[in-house]
Amino acid sequence: MKEIVIISGKGGTGKTTIAGSFAVLTDKVVVADCDVDAPDLHLLLHPELIETSEFAGSKSAFINKSRCVECGLCKGNCKFNAISEEFSVDTHSCEGCGVCALVCPVQAVEMKEKVSGYSYISKIENGFMSHALLNPGEENSGKLVTFVRDKAKEIAMKENIGKIIIDGAPGISCPVISSVTGTNAGVVVTEPTVSGVHDLKRILELMEHFRVKPFVLINKFDINKDKAKEIEEFCVEKGVEVVGKIPFDPVVTTAMVNGEPVVKFIPQSEVSKEIKRIWKKVSENF
Amino acid sequence: MIISIASGKGGTGKTSIATNLALSINNVQLLDCDVEEPNSYLFLKPEINKTEDVFIFVPVVDESLCDNCGKCAEFCEYNAIFVSKDKILIFPELCHSCGGCKLVCPTSAIREEPHKTGTIYYGNSKGIEIIYGELEVGDAVASNVVREVKLRMNKDRNVIIDSPPGASCPVIESVKNSDFCILVTEPTPFGLHDLRIAVSVLREMDIPFGVIVNRADIGDRKVYDYCKKENISILLEVPFERKIAELYSKGIPFVLEMPAWKEKFQKLFDTIRAMVQK
Amino acid sequence: MKICVTSTGESLDSALDPRFGRCAYFIIIDSNSMEFEAIPNASSNVRGGAGIEAVQTVINKRVDVLITGDVGPNASRIFNTSNIKVIVGVSGAVRELVERYKKGLLK
Chain A
1 MKEIVIISGK
11 GGTGKTTIAG
21 SFAVLTDKVV
31 VADCDVDAPD
41 LHLLLHPELI
51 ETSEFAGSKS
61 AFINKSRCVE
71 CGLCKGNCKF
81 NAISEEFSVD
91 THSCEGCGVC
101 ALVCPVQAVE
111 MKEKVSGYSY
121 ISKIENGFMS
131 HALLNPGEEN
141 SGKLVTFVRD
151 KAKEIAMKEN
161 IGKIIIDGAP
171 GISCPVISSV
181 TGTNAGVVVT
191 EPTVSGVHDL
201 KRILELMEHF
211 RVKPFVLINK
221 FDINKDKAKE
231 IEEFCVEKGV
241 EVVGKIPFDP
251 VVTTAMVNGE
261 PVVKFIPQSE
271 VSKEIKRIWK
281 KVSENF
Chain B
1 MIISIASGKG
11 GTGKTSIATN
21 LALSINNVQL
31 LDCDVEEPNS
41 YLFLKPEINK
51 TEDVFIFVPV
61 VDESLCDNCG
71 KCAEFCEYNA
81 IFVSKDKILI
91 FPELCHSCGG
101 CKLVCPTSAI
111 REEPHKTGTI
121 YYGNSKGIEI
131 IYGELEVGDA
141 VASNVVREVK
151 LRMNKDRNVI
161 IDSPPGASCP
171 VIESVKNSDF
181 CILVTEPTPF
191 GLHDLRIAVS
201 VLREMDIPFG
211 VIVNRADIGD
221 RKVYDYCKKE
231 NISILLEVPF
241 ERKIAELYSK
251 GIPFVLEMPA
261 WKEKFQKLFD
271 TIRAMVQK
Chain C
1 MKICVTSTGE
11 SLDSALDPRF
21 GRCAYFIIID
31 SNSMEFEAIP
41 NASSNVRGGA
51 GIEAVQTVIN
61 KRVDVLITGD
71 VGPNASRIFN
81 TSNIKVIVGV
91 SGAVRELVER
101 YKKGLLK
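Chains as they are written, first to last, in the numbering used here: chain A, 1 to 286; chain B, 1 to 278; chain C, 1 to 107.
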């Protein structure tokens, strides 16, 4: 089984548009949407829900009022100000460390896993999709990304599908590491802006560490050709392949509004042709 | 007045709105709380006149007292401590500073010492006071640095907070106690989907808010329909213009080269003030 | 000698799991008898610091060699101070990897 991940340093570079396009250009595929903070891929791929499961991402303290003697030790030792005057726990502030349960002299505190979101397996036109949704205030984590990827693998195995496309988490922290590790190749979607360049450097370092082969894709390259050139030169210097440059074109948004990846909605557009060309190259890694 | 600027998804133009607004009104303090990607300085290019380190307290083990019993590692919910029969290692990047290890240690071998988790930068640019935080690469807990940036708030000024994108803990920490929150979105299915998530968070926190539609002439009308139905005011629309996009890519706030926009941002500020006072 | 291979399944014919901290199983093999034990990785499911918890498992089992796809920066820091030989960047079935290691083909 082969996995290709699509990532970007900052949000809004067009990562999901690219992932959605790749998904429809493949024959049989399982798509894993690991961008759980902004899970938008379903808006392009229209998954039909097959299976929902609860996801317990973190723990929170719960105080059993009938046991509590209001000694105040829990409150005094909590570093997160999560325990109120009335000895109830604010589950948003609680980071689940367990100190209150440790210091409680009457065992009135219980640490319980809390439901922080839901994960789904769905059917799409040419395969399956594994995705998730977090409750507000909950954070994406390496655990959830691993969960979504494992679910994708499970269904791929069951259905005998050899290809997985991962829409990775943005940023550079733990969820990104979990999106990248163990994949066969990664497409880094960047844009020629000051923030884009800055974030690209950080993400390439991370991929180098995990020895995942990077392909850089410059989206909307004609918005700032100088910056695009700067990115290309930087990649040459680093020995990283720039796999393609996509021009800015409003058809991408038109396609999105119509709920379809651009390669499917307007296949003859320049953007679509370039994405297809890029996919041909990248998919050799499958 | 404290105005925070947030968005459900990244890349909607949150930082662009924050910096352009900051440049259009007087007596501004801009707090960039997007500590994982503090990008507002790339647009305002402030002269940095002071930096401060942000510390959290992490455990340090006195090996002469430690008998490698492993109780601390077992207790630690974040796997920030590793113990084997002949060594003990601490991973400060994973530590949440809960203090539990020190409490469970039977030989009192653990004390707490400061670990640098971020940096606060103070700067000035075109009359704006800018304070931004940057999380150390690899550190996991952004909220600590956000909290430190906000402690440096000067309430006598018009405070503008650039929040991180999304709806997670650091976002809540950033927008907490604002008088008003501006949600920046774009009129696409992606934008709408992520706007809904942000709206649910702000409603739960009971913070008044309004929407700015960026790249307003691309996409469809669904964001507008949604706002109308939910009784959310649309404060401003910024069209997609090549010139704006080009200026953005070069790191130039567009009010500097398109003065008509300065007035629009001033009006926006007046509207918000009226909404808050009401 | 005890060899640990991170694995996607519970048998010697399973493929190597390239992740260390969040692998599905640790297969621990006695290189002489080829007897083995498959341990489900409890840390694949922790919120953060999975690598560190996984090292704890491997060290508790008194392993001499670890064969895996990749080790994150935190786990590397621990292995650097241990006597465990770590081999990364390989792939294949568990049995085949152990055989290759015994022939001195893995570095």
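Hints listed in this document are in silico derivations from the structure and should not be mistaken for laboratory results.
Keep in mind the model is a prediction, meaning the values are calculated, not measured.
Ideal Cβ placement from N, Cα and C applies to all residues, glycine included.
Just to be clear, a hint being listed does not mean it is correct.
Claimed, not checked - Facing chain C, from chain B, some residues (calculated, C-beta under 8 Å):
{"id": "1", "residue": "Y78"}
{"id": "2", "residue": "A80"}
{"id": "3", "residue": "F91"}
The hints, checked one at a time:
no.: 1; hint: Y78; result: holds (6 Å)
no.: 2; hint: A80; result: holds (6 Å)
no.: 3; hint: F91; result: holds (5 Å)
Going down the numbered hints, you'll see the structure goes against none, and every one checks out.
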